[in-house]
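The listed protein sequences correspond, in order, to chains F and S. For reference, each letter of the first sequence is one residue, going 0 to 738 in numbering that gives the first Met the number 0. For reference, each letter of the second sequence is one residue, going 0 to 525 in numbering that gives the first Met the number 0.
A couple of the hints might just be wrong.
What the hints assert, rightly or not - Here are the simulated distance ranges between beta carbons:
{"hint": "1", "chain 1": "F", "residue 1": "G255", "chain 2": "S", "residue 2": "P77", "range": "24 to 34 Å"}
{"hint": "2", "chain 1": "S", "residue 1": "Q29", "chain 2": "F", "residue 2": "D594", "range": "58 to 68 Å"}
{"hint": "3", "chain 1": "S", "residue 1": "Q29", "chain 2": "F", "residue 2": "E653", "range": "33 to 43 Å"}
{"hint": "4", "chain 1": "S", "residue 1": "E251", "chain 2": "F", "residue 2": "G418", "range": "19 to 29 Å"}
{"hint": "5", "chain 1": "S", "residue 1": "D496", "chain 2": "F", "residue 2": "D551", "range": "21 to 31 Å"}
{"hint": "6", "chain 1": "S", "residue 1": "D369", "chain 2": "F", "residue 2": "D594", "range": "36 to 46 Å"}
{"hint": "7", "chain 1": "F", "residue 1": "D594", "chain 2": "S", "residue 2": "P370", "range": "55 to 65 Å"}
{"hint": "8", "chain 1": "F", "residue 1": "P629", "chain 2": "S", "residue 2": "T433", "range": "58 to 68 Å"}
{"hint": "9", "chain 1": "F", "residue 1": "G255", "chain 2": "S", "residue 2": "R4", "range": "36 to 46 Å"}
{"hint": "10", "chain 1": "S", "residue 1": "Q29", "chain 2": "F", "residue 2": "G402", "range": "47 to 57 Å"}
{"hint": "11", "chain 1": "S", "residue 1": "A311", "chain 2": "F", "residue 2": "E260", "range": "46 to 56 Å"}
Read the hints as simulated data drawn from the structure, not as lab findings. For every residue, glycine included, the Cβ atom is placed at its ideal position computed from N, Cα and C.
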Amino acid sequence: MTTTATHCPYCALQCAMSLRTPVVGAAVPAAPAPGGSALPPAPDVPLDVAGRAFPTNRGGLCQKGWTSASVLAAPDRLTTPLLRGADGELHPATWDEALDRVATRVRATQAAAGPGAVAVFGGGGLTNEKAYALGKFARTVLRTPFIDYNGRFCMSSAAAASNRAFGVDRGLPFPLEDLGGAQAVLLLGSNLSETMPPAVQHLAGVREAGGLVVVDPRRSATAALTADGQGLHLAPVPGTDLVVLLALLHVVLAEGLADAEYLAARTTGLDDVRRRVSTWWPERAEAVCGVPATSLRQAARLLAHASPARGGSGAYVLTGRGVEQSSQGTATVSAAINLALALGLPGRPGSGYGAVTGQGNGQGGREHGQKSDQLPGYRRIDDPAARAHVAAVWGVDPASLPGPGVPAVELLHRLGTPGGPRVLFVHGSNLLVSAPDADRVRERLESLDLLVVCDVVPSETARLADVVLPVTQWAEEEGTMTSLEGRVIRRRRAIDPPPGVRSELEVLADLATRLGSTVRFDVDPAAVFDELARASAGGVADYSGLSHARLDAEPDLFWPCPATPDGAPPHPGTPRLFADGFPTPDGRARMFAVDHLGPRDDVRADAPLYLVTGRVLQHYQSGAQTRRVPELAAAVPEPFVELHPLLADRLGVEDGDAVQVTSARGSVRAPARLTAAVRPDTVFMAFHWAGEGGVNRITNDATDPVSGMPEFKVCAVDVRRAEPAADRSGPPEPVEVRA
Amino acid sequence: MKDDRTRVVVVGYGMVGSRFVEDLLDRDPQGRVAVTVLGAEAYQPYNRVLLSELVAGAVDVATLALGSGDHPRAVVHPGTSAVAVDRAGRLVLASDGRWHPYDVLVLATGSSARILPLPGMDPMPAGVHPLRTLDDAREIVAATMNAHRAVVVGGGVLGLEVATGLRKRGLCVSLVHGAPHLMERQLDAEAAGVVADGLERLGIAVRTGTFTTHVEVDDGRVTGVGLGDEVLPAELVVVCAGTVAEVRLARESGLDVERGVVVGEDLATPADPRVFAIGDCAQPPEGGTGLIAQGWDQARRLAVLLAARIAAGGPDAVPAPDADADASPPPHAAGTDLVRLKAHGLDVVAMGVCGPGRRARGLRVVRLTDPDGGRHLEMVVADGRLVGATLVGAGPVGADLTAAYTRATPLPADPATLLMRPVAGLATPAPSPTLMPDRTTVCRCNGVTKKDVVTCWRGGADTVAEVARGTRATTGCGGCTDVVSGILAWLATTDPDRRRASVPPGAPADETAAGAAPVPEAVPAT
């Protein structure tokens, strides 16, 4: 029996876990197994999972983590390449056949239409090594500017706002544990209790102090943590979180609660911000956001009194996708940062602003060159010095590197259109479930000459592909991930991958050769990491002082961690940023004046209700993994629509009835779940499913003008009781209702 | 080089004029307009709505600053008013003697405080102030230093805000109002009565149906307010008797003027399509409300309309059909006719159809009247939507109804349900192991139910740690540890026979057995 110390395959909390190869034939239970619970693991699951002590999860795991090994045993695990045949079906093929098909088509397409006719779509779940190799492959082998990734749907607004304020974007610029000492935490649009449950442990102190302020239109499991005097829950009308923040800052400034000394010494831009928030006095804000003026004042004072300048023990402002996945997501994060700066939090011990990263490697995924405008080390692709540095590491001419591409939603819109890409590589992303206005995405993917999908299981997107390449996952591979804290951690191999499966590093190296490239692509993750470290040297996200070997010895290393000269002690990493200044030209944080515009698709007579989306504890993102875990699928087997009982009463809907939710883009259908946790003017759906209840088929793909983030989180819908289902054998045709 | 930019002259740099300048420049990234602003006050624009908060001492004066600061494409002349307009020559004469040529003239001259023509008021004695400008507010605040008794004349929105603000500063305050009840534009007599009671509770003496007849003056300083035979002694008098649109310039330029400068849907004056009026000085077809939301909405609409025209070639150009779609009134009222009192200790909201006269319209009215509780809630309903509301003492219900009103979201089958909020805590009783149904999820992180815990205990698990091993309960966020512990304690007490014989001495089992505070009497529900 061997034990491997690694981390969970799912979210950015990256809970530490131990994987054990069970003794074959041994009876598993170490403790009595209860009836309803899912212990012990199914006999064909190759590994036992246990929580492991670590500063972030403190040994805790949620149900997803405990059951994560089941994905290794998914009955439909891909183990052989698939090629779409003349009959329109996918058929098993050899790796040579599959890679030759890809190389031939890429050559032909690029010969006819130029390098930009091939595009790449990456993922925030890929290891740093794979993300790096993918960006390098796109820029040096394909030489296409068109690469972006699903992190655009995740962290782009927070990244854009953090970069313009602080000159750097690291989700949490402090260790998660620091939250423990805070007197107040303002949490906007994040449902930690469902999305990363073990993180809730770090809120125990602030709840004890009565200082947890949750802003969410729903009484989410996280919002419910504020009950019984543990804090405040503000439930704004969907799409108006920005107004809440503007009003909070208004109160802080109006009542003289700001940290004037800090503002004077460490920030610029206050004057413009002050003029803008002057127009958001609490009573006006109440009329727009639906949060009582008294609650806005109470929350602002609670935060201010926790700030170090007023003698408090510390305060944090944290944002999540709920406020960031908006056409004004960047503005909203800027407003959150402005509030934090006004209270003097960033860079103060025990205080700060942070974005709670979503995907497993949402942080590292955005640092190493998957983003349309970036090179490794969080460098800008339009910066000549950055191009020269990275080109030297790659052994290519800087002039041969393409310029910036376009953000994800625009990239998807261009697919298969005249002049747009005709070939697409998809890695670690299930676009048909996770992209907004997903029926339109399906249409674009179907219009391609060649869709290549690397995946572990036949996801909805893989099933649409012309070539499916089976790749390794999680416990079958070595690598690194960068957690929500900017901590670089090791993912370790616990079992051998099934025969026939290859690592994406191997796939990319092989394709590079078949496409005639002389650029070197290592297949050993440790070697790829070393190259990544060199490429990042001197960049914002500097990993040059790190290696797999060092990370194996030291689990507490946060970037930036630059290399040190020979003989000098290694750099200790940077758990906390901004103590001595901000990495901006003048060392000050920049406050950026923003204002509220409201959702692009707002309620109107024929769509009088808001639709908001989110996650449930048992599923992760598009559900490609978790829907294949029996315990999780049994716990939450299908999509549902949360309605307030008052709304249900008006619509004549009872719990469990099928309801039809219709937006300007189409219609979805799912059973009703009645709960007072949602506002009567709003319905909620989780986005983990495809098919008739796949909510992203009707979400809005309008994007934020700065970050390119789509407006997943709010749109206008009509809701009615669905007619009893007709006799259907398969999923229905997508409904074509386009505005 | 000839400057072919469109010259926009804005007269008035208050809340609406400055917002218009910002909105227009935001929509003109190509720099096709040149903006000149004449502002009568010497200050940068400021937030007039918050002057009552300044009087109340609730906000810092720096909070009031508005506008985008210095803008490279706008030339602002503070302390300079417009004296005359030559519409034929498209010129504005400023008080400093300079002429400003324009292609588009925007009047945003606002309104001024109505001064009562009463004996003793000419000249206005020291200690009597309107509240319209920053200077007025500063003078009132200064006066509160030496004043003990204050009289507020006028029981409208501003009067109530000032009265409660002065009371907050500790003055003895009387409120005198000529109409039979307070806030008569927004409230009916019943609602106003509840408001008056609220003011009395704050220690403010309210006199309605009482006209101010004169002001008592001694040595140029006010000493009291006369109400017929009676005199209310006062060292400070604030006159909140409404406003008068500032229309002199428009009238003298030959434009149509009634209560304000008459404008059409497009905010242009009928007599001259190159002249527009927005904000308090304007009289649009739907009537001026004097509310800032209406003025800001007009500023936005005019900016959109002009930007579209200028982008299409000039101020008279006809833009593409949907280029100025944004310029039409918003699809929902967006709060432009919402009145929300900023009165310390008083909670009053009125919107849409409200006040006297609403019953004549045959609409459904749903009320909750609780005058002794300081509460009076009324919703006006048409076609399943909220078209108006009058809310006194509504608390958080006010915010809910405002959202329903501004967005015209559908009301519940019985609208009255919106008038009450569930009592906090009622919906989520503390989990009691006895009463908890078997299917209740104890551990959310791992989907463990009470039944799972009970089953695990029956199988021999005694401690939280053992239950954790068996069910994974408590192994996520750890938040359910107390509940699991409680269930074990309850089981240990009610079902001792099922206990395993051997409990290790001093083992954590103690925490389950010893901590069992109330001894549950019910049998396990399984």
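Here is how each hint holds up against the structure:
1. F:G255 with S:P77: 24 to 34 Å: holds, 26 Å
2. S:Q29 with F:D594: 58 to 68 Å: Since S:Q29 and F:D594 have Cβ atoms about 21 Å apart, the given range 58 to 68 Å is violated.
3. S:Q29 with F:E653: 33 to 43 Å: violated, 57 Å
4. S:E251 with F:G418: 19 to 29 Å: violated, 60 Å
5. S:D496 with F:D551: 21 to 31 Å: violated, 52 Å
6. S:D369 with F:D594: 36 to 46 Å: holds, 39 Å
7. F:D594 with S:P370: 55 to 65 Å: The hinted range 55 to 65 Å is violated for F:D594 and S:P370, with Cβ atoms some 41 Å apart.
8. F:P629 with S:T433: 58 to 68 Å: Distance hint for F:P629, S:T433 is violated at roughly 33 Å.
9. F:G255 with S:R4: 36 to 46 Å: holds, 42 Å
10. S:Q29 with F:G402: 47 to 57 Å: violated, 25 Å
11. S:A311 with F:E260: 46 to 56 Å: holds, 51 Å
Of the numbered hints stated above, those contradicted by the structure are hints 2, 3, 4, 5, 7, 8, 10, listed in ascending order.
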